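There are 2 protein chains.
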Amino acid sequence: MTQTQEALLRHGAEIIHLKGFHHTGINEILHAAGVPKGSFYFHFKSKEDFGLKLIDFYAQQLHAVIDKHLEAEGPYMTRFRLMFEEFRDIFTSQGCRLGCPIGNLALEMSDTHEAFRRRLEEVFRSLRRGIQAFLQGARSRGEITEVHDIEKTADFIINSWEGALLRAKVQKSPEPLDLFFRFVSDWMTRHRLDDRTT
Amino acid sequence: MTQTQEALLRHGAEIIHLKGFHHTGINEILHAAGVPKGSFYFHFKSKEDFGLKLIDFYAQQLHAVIDKHLEAEGPYMTRFRLMFEEFRDIFTSQGCRLGCPIGNLALEMSDTHEAFRRRLEEVFRSLRRGIQAFLQGARSRGEITEVHDIEKTADFIINSWEGALLRAKVQKSPEPLDLFFRFVSDWMTRHRLDDRTT
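Protein chains in written order, with my numbering: chain A, 249 to 446; chain B, 249 to 446.
These are computed hints drawn from the structure, not numbers from a lab.
Treat the hints loosely; a few may be bogus.
If chains are identical, the list can't say which one is meant, so a pair holds when it fits in one copy or spans any two.
Derived DSBU-like pairs (lysine-lysine); straight-line CA-CA distance at most 35 Å [claimed, not checked]:
1. Lys400 - Lys285
2. Lys293 - Lys400
3. Lys293 - Lys420
4. Lys316 - Lys285
5. Lys316 - Lys295
6. Lys285 - Lys267
7. Lys420 - Lys295
8. Lys293 - Lys316
Quick caveat, the model's predicted, so the values are computed rather than measured.
Generate coordinates for the entire structure from the input sequences, incorporating the hints supplied.
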């Protein structure tokens, strides 16, 4: 990846995080990145090509936070909490705006751009694997009890987190994020998903 | 409200549910409703005025489903499940597209249109009161055990549902909605949010 491509992705990521993909013009990204007008298609095949690379760019940022806590020391559940607190703090430091770039694009693009939808679902699955790693580690050390289906639990956690961020953005408050963690950690440390509920 | 206003809201609701508020043009709505081009501002003060009335229109549709199940016969938890199944069936009947109109507008508009944000948060609170009514009824009849904070539980449920719908839209599958209900009902029928987790 060239320096210019990186600059366009970095600036595009900020603008699109705020305004959405459709509502952001290519010239706006070029202008923000200080790249000459009209040169976009020299750097990316299409706006779709740019968008797909942008999804990867966002995913890398999220995975960097997840991996940092996965590779740290201490009880898995403590690090799990610290990870969500870090995501919450990023959200509050941005004035309770923006939210999850992947969730935003998911709602905006999933019905109208199949290539985006597929890539976004891949990202959700890779994020789920990160959550799964915490749950597996926590279970192996006896920090959580009897979580039967780690993969489904991880999916529920990611989906609920997206909903909590959506609501936090509307409330302009981190409260839904704290509520999310309170419920999820309560569930994980003391309860199990029984087969009779399937 | 005039017939023309209603027609514009009804057609606008469909188009905006798919394409979002910003990406939908006024002329597109007029055309779909068979209303003469250029006459929009005869019927609504502004696109914002239209958008706020659209939020109310969506909210009424959601409350109609909630109220129907609240006023039905039988155990509260059964009706609670039937309500979410009805919302799930609406989603699948639409080809696992669209999702929650309130959630979509929330992500799209909360950072950029304060009047929309406030109205959307009001809708979330009114939906929460609907969920609360189920939980209160279920608790009073002993169908669920020891849910301490009904209001917070209802908020967590609504937020998680929004996240489940977001993911279902990406997966093009109702599976996240079923997973949501499985976790939430498991939690509610057998567990409690202990004070030590606060």
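Each hint, compared with the structure:
no. : hint            : verdict
1   : Lys400 - Lys285 : neither (47 Å within a copy, 50 Å between copies)
2   : Lys293 - Lys400 : neither (37 Å within a copy, 48 Å between copies)
3   : Lys293 - Lys420 : between (37 Å within a copy, 27 Å between copies)
4   : Lys316 - Lys285 : neither (38 Å within a copy, 56 Å between copies)
5   : Lys316 - Lys295 : within (32 Å within a copy, 45 Å between copies)
6   : Lys285 - Lys267 : both (20 Å within a copy, 28 Å between copies)
7   : Lys420 - Lys295 : both (31 Å within a copy, 24 Å between copies)
8   : Lys293 - Lys316 : within (33 Å within a copy, 51 Å between copies)
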